[in-house]
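Work the whole structure out from these sequences, hints included.
Residue numbers (the working numbering), protein chains in the order written: chain A, 21 to 154; chain B, 9 to 331; chain C, 34 to 256.
Simulated from the structure, these hints should not be mistaken for lab results. Quick reminder that beta carbons are idealized off the backbone N, C-alpha and C, glycines included. Not one of these hints is a red herring.
Selected chain B positions facing chain A (Cβ under 8 Å, derived; list incomplete): (1) A84; (2) P95; (3) P96; (4) T114; (5) S115; (6) F172; (7) G173; (8) Q179; (9) A180; (10) E318; (11) V319; (12) L322; (13) H326.
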Amino acid sequence: MTNQEIRQLAVWLKETHLAGAEIRRPGLHLVLKRSADEVAVPARIAVSAAANATDEPLLKTPGLGRLLLTHPEQSDVLASVGSRVEQGQLIALLQVGDLLLPVRSQRAGRVTAVLVPCGTTVGYGEAFMRLDAA
Amino acid sequence: MIEILSATALATVQDFGRFGSLGYGVGTSGAMDHLALALGNLLLGNPEDAAAIEIPLFPFEVRFVQDCAFAVTGAACEASLDGQPLPPFWVAQAREGQVLSLGYPTSGSRAYLCLAGGIDVPQVLGSRSTQLRGEFGGLQGRALQQGDRLAALRPGKSALPTDFGVVSPSQALPLQRDGLPAMRVLPAAEYECFLEDSRAAFWAGEWKVTTQSNRYGYRLEGTPILPKAAMEIRSHGIVPGVIQVPHGGQPIIQMRDAQPSGGYPKFGTVIEADLWRLGQAPIGSKVRFIECSYSEAVAALEDNQRYLEEVRRLVELHGLASR
Amino acid sequence: MSTASVSLRPHISLLGSTALLFEAPGELDLAPQQRIWSLALQAGQWADIHEAVPGMNNLMLTFTKPPRDLNGLCERLLEAWEQSQPLPLEGRIVELPVVYGGEFGPHMADVVAHTGLDIDTIANLHCEPLYPVYALGSHPGYCYLGGMDPRLATPRRQVPVISIAAGSVSIGGVQTGVSASAGPSGWNTIGRTEMSFFDPTQNPPAMLRPGDMLRLRIERIIR
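Have a look at this one:
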């Protein structure tokens, strides 16, 4: 398990407000705990459920990873500048190791700018796309 | 449970294959791209070798008769669920009534539709793979037809995360020569019995996958491979990947539904670790071959294993983090 | 395998990293085949070996996983061959009635033309031997038989037939066999028999085993 993966796990924990997580496997015992005491509330995580204000035009990354604007197996850009996207439409991918996590648009709109080159390693909450009202 | 809507031919139920019955004349069958099959299963939290549908011809359409999580891997084939596009190598949750459509591949040639838990058909001689010649295994020992219904072992709404994907084997384990997909080959018993020029031409040349290529064997077109003298070969057991050279010098690579025994001169064997690359080479495409040693072939298997292990670890982690 | 048809020493080669092929030396014959059966019983038990599959005076060993010490395995195999004794022929004798010629023997005319023998002689020579089952292969339940009369030898066809019926009795080069299910064939079909050679619900699923013997009987000759 790499440090990058541990960071990703920590990010996911933060999203879900869980008090902690423990993973046991042969050769690995990992315990992550929040520093402040919080009531553990099991919640279904949606990685892309970043807390954006609904009228803010900038879309922010939902986690740590490599931001991809095109799927590696396809040639078309997922959401090109000038195109209209629907709510829930796949607009980018976040690569974490060999996994590809979806980045879906929280609302309908028109892509007016792409702020990050395809393949950039991003952190949590970085602005990567501008989506104006359609 | 799913229902096959399209009349497209040649789709079959396959798992990793049927091993241990070669002595009864039963070949292994199994997925032509076992890595794609394994990945679809890992995305669903299935055992790696759970049975799935191998789809070699497109378009292909199924309807979900029940809620069920599924994954489409292998060829990138413009998959869509009720019109909503799905990326390649992706796991999704289907609801009852939804229709999954697969279009013509933009890369690769065989797609795998995996269902949560795996396809529920009986095991015959230890496997759910379809044995076409013997007419057993898979769904009644035959290719799928319009109207067929196949159950999943774990239908319903998945407790595991869906709506994510994995980097494909072509991306994770690239192998090319001069811009063409390449496969490693270990020389076989009669290798030295072929002319030196022919041997050199095999490694240096481009080989076209002709239209007479399917699960039984791939007929290749290229510079004829000629023997030093005519050879009489006694019938012996073979495995998928064996490259036979009949009269005329155009090689035939025995694939997963080939006879389990052969009597033609053997040039070499495409290594087990690279059979998936061949399984994804489309009709009409060209490939190259790279000579390798036994230890390199074993190392290649380990590379594949490491990649699958890595994916399994990350999928499990993603599952843990999502609770 | 050398280009000479007879070799003095066994030959071992690889089929990728998936299997190993052992070829016995000498002329194709029953005694070496009986030693191959014996070798198969032994090697099939070894670590790393998934299945020991006899062929015509040869043996394929498939790996559960590729052995780390390949040289060690080869040495062990050669030694086991040196020590091997022919397994006694204690199989069952199974009798098959065959209808020769007519619609059941579409290539009888080619065998007549190649051998210079008439159809009655061909049928009688073909039924004369007690055929030991050397090995199974080709398709589920198919038996490779030894002991065909060399006078009947007819080369494999230039253009294989897309499908011959189950139970077809055929000649390919110096070998003869009976197909267990419909499928393509490059051999010369001279007759047909009725028998169920394979049932996947049974254990073992194949009706015949290496060491069994087939006695063919003329049911009818269609001239």
